[in-house]
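Go ahead and model the full structure; you've got the sequences and the hints to work with.
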Amino acid sequence: MDALLLSLLNGLSYSLLLFLLASGLTLIFSLLGVLNFAHGSFYMLGAYVAWQTGQWLGFCGGLLVAPLAVAAVATLFEVGVLRRVRAQGHLPELLATFAFGVVLVEAARLLWGSASVPYGIPPVLQGSLFRLGGLEFAAYRGFVMAVGLAALGAAWLLLWRTRIGLVVQAALTHAPMVSALGHNVPAVQTLVLAAGGALAGLAGAVGGPLLITEPGMAAQMGALLFAVIIIGGLGSLRGALFGALLVGELQTLAVAVNGSLADGLQRLGWSAPAGWPAASGIVPSLLHLDLSRAAPLLPYVLVVAVLAFKPHGLTRALGRDEAL
Amino acid sequence: MSRTAHLQRAQHASGPLTFVVLVALPLALPLHSADFALLAQLASAWLLLLSIGLLHTRVRLLSFGQALFSGLAGYAAAHAMNAIAAHGWPLPFILVPLYGGLFALTVALLVGPVCVRHGGLSFAMTTLALGVLVALLAPMLQGFFGGEGGVSTDRTAGPTWLGLNLLSQRQVYGVSAAYGLLAAGLLRWLDGTRLALLARAVRDNPLRAAACAIAPRAVRLQLLLVSAFFAGLAGALQTLQIEQVSAGSLGLQQSSMALLFSLAAGSGSAWGALLGAGLMVGSEVILAAVSRAWMLYVGLGFLCIVIWAPQGLSAVLRDLLRNLRAARQPDLLWGLGALLVCAALAVVGLSSLIELLYAVRQQLQGDGALRLYGFNLNPARAEVWVGAALLATTGLGLGVPSARMFAQQLRAGELPQ
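Read top to bottom, the protein sequences are chains A and B.
Here our numbering is used: the first residue of the first sequence is 1, the next is one more, and so on.
Here our numbering is used: the first residue of the second sequence is 1001, the next is one more, and so on.
Keep in mind the hints are simulated off the structure, nothing from the lab.
By construction, the Cβ of each residue, glycine as well, lies at the ideal position given by its N, Cα and C atoms.
None of the hints are false.
A few chain B residues that don't get close to chain A, going by computed Cβ distances all over 12 Å:
1) Pro-1016
2) His-1032
3) His-1087
4) Leu-1167
5) Gln-1222
6) Leu-1225
7) Asp-1331
8) Trp-1334
9) Gly-1349
10) Arg-1381
11) Met-1405
Covered, in the sense of this in silico footprint (three residues per stretch, anywhere, with C-beta under 8 Å from a C-beta of chain A), are these stretches of chain B:
12) 1112 to 1119
13) 1127 to 1140
14) 1252 to 1262
15) 1292 to 1300
16) 1307 to 1321
Okay, here's the thing in structure tokens:
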């Protein structure tokens, strides 16, 4: 029971990390109408910048510089590229974000090499926060949770309690009207991309020591983020939270489970025929695949299952213009 | 009839013939085996890009999981070849790509109904998720996927048929080219059918099409089947060429690069796909052999294409050729030449900077010298960097105004349409 609780807590910290990324991605999609394929690269850049500046300024310095640096990069990209191609429709924008993601990953590879860098947990945050029935809850996971909650609280205040937040919210649904009222919608779009980039940079800075800091983290996280926001429903913040919780908890719980499909079926009273080989052949190897090994697959299984039954995600209703 | 319409009609009739001649021409040339290997790769890349371009231009569907079809067909082809060789069936290996195509078509028949329920992002994301799912699952499964190592095969183990034993790369290219022509013919036939018109209706307004009793899902599924068939041909041909298939051929990297090259080149037509395949093979094989920073160049190239040629390279080239032909001004050619020279200067300068940076950061220089464009350079010396920066700034500084001037000239010489 304690082990389950601890797994749930670990999953929660991972989910908050995912939500830091997914919330930015979803806001960018709602306001700019483009899926930001560079979001995983922003996350990777955040981790690298935090590691590099952390060597000069200490861990906290890296934590502060990374979001600012990524926000600056995102702003440059929005003003320099996205704004120029916006008139051509969404497809060039999507291509631009994809290409920019590739450029960022390769630039990181150029500057810091293809291997992972030793971005570790600072000594202060090592060790355990508390014990639960003999099992430790790592202090750094608690720190990730705290940072995630603080950043999301700040974002919530900014979005719901300030004037600029109200303009952003209005621009989400009624961009032409907001523009007609004299607000600078392109500037709001730049701001949202920068803010999403900053959140991704922060996620990279705190997620780097938890996971692994290497160029490949961009592609891995990028695909996972799409799974998260699709499960919840594109363009919905509530959906992004839902998706992040679902994916984070599911992956963390699956890693802790020791067993396979065959074990589960055996418990239900079904056993593989004696003639079946144990490991060779596609069906037996699928049945005997350990759930902890299959954990990275589960989000995508979930996406396909969700899209098969609710093509627009769990929380979002179909718009009239997209009914078919 | 105006002159341009006449010209267009003549082009329309001569296009396919030129294409066939161009595809068959290498077979008559005394090329090396490595050249034929490259050409065969070009043919399978062409098929893959055509399958993506077909979906995008005909029904406006973006497939992020095209490697699912090509990769699975590649596995199926490897298994088919191994089975034929093991059982001694009298089936020639040149039919294996066809089997791969049909296998991919079956896969599309299974997964298609889930994917095509809605167009737009829903389709893109479903194919992305399916592609990633299968790519992650494949190395974990034995049997069909052969675990981490994949499946290897031998293309010469089959029965000889019409003197084709597939031993030489020339024969492999011949088979690839034949399937390419088959696909091109199929595409041409398809564009004349009712399905192409229905697809256009579904692309432009699915709701209205549905109101006219056209089922958008059925139309999308049919196009997806054709596209999967092409992708399957591509995957099986790839297996025939490299005699090995592994989980890497299913990955998101494969799908997304193909999609990117397809969109950047504008590969709805045979010529556009040829341009895209040329760029893809050129960068993934030739550029990758020259520089370790090739992906960086590809990414930067895509950014440039998105900014300056958002409708796709082939459309821009076509417009340019038409305008050049219509304007008949010698000044235009000079302008184009100046632009190209400036672009070349900028590319040489920027790539030198990147290579120098790479050499310094990754300690690749070895004996202290870096070979760039035929020169031995020492990255530790400042004048090398200054020279490269100077080249890049000169190229960019002269290139931007000359591009502006060229665009003005083109616009001035445009025919009223």
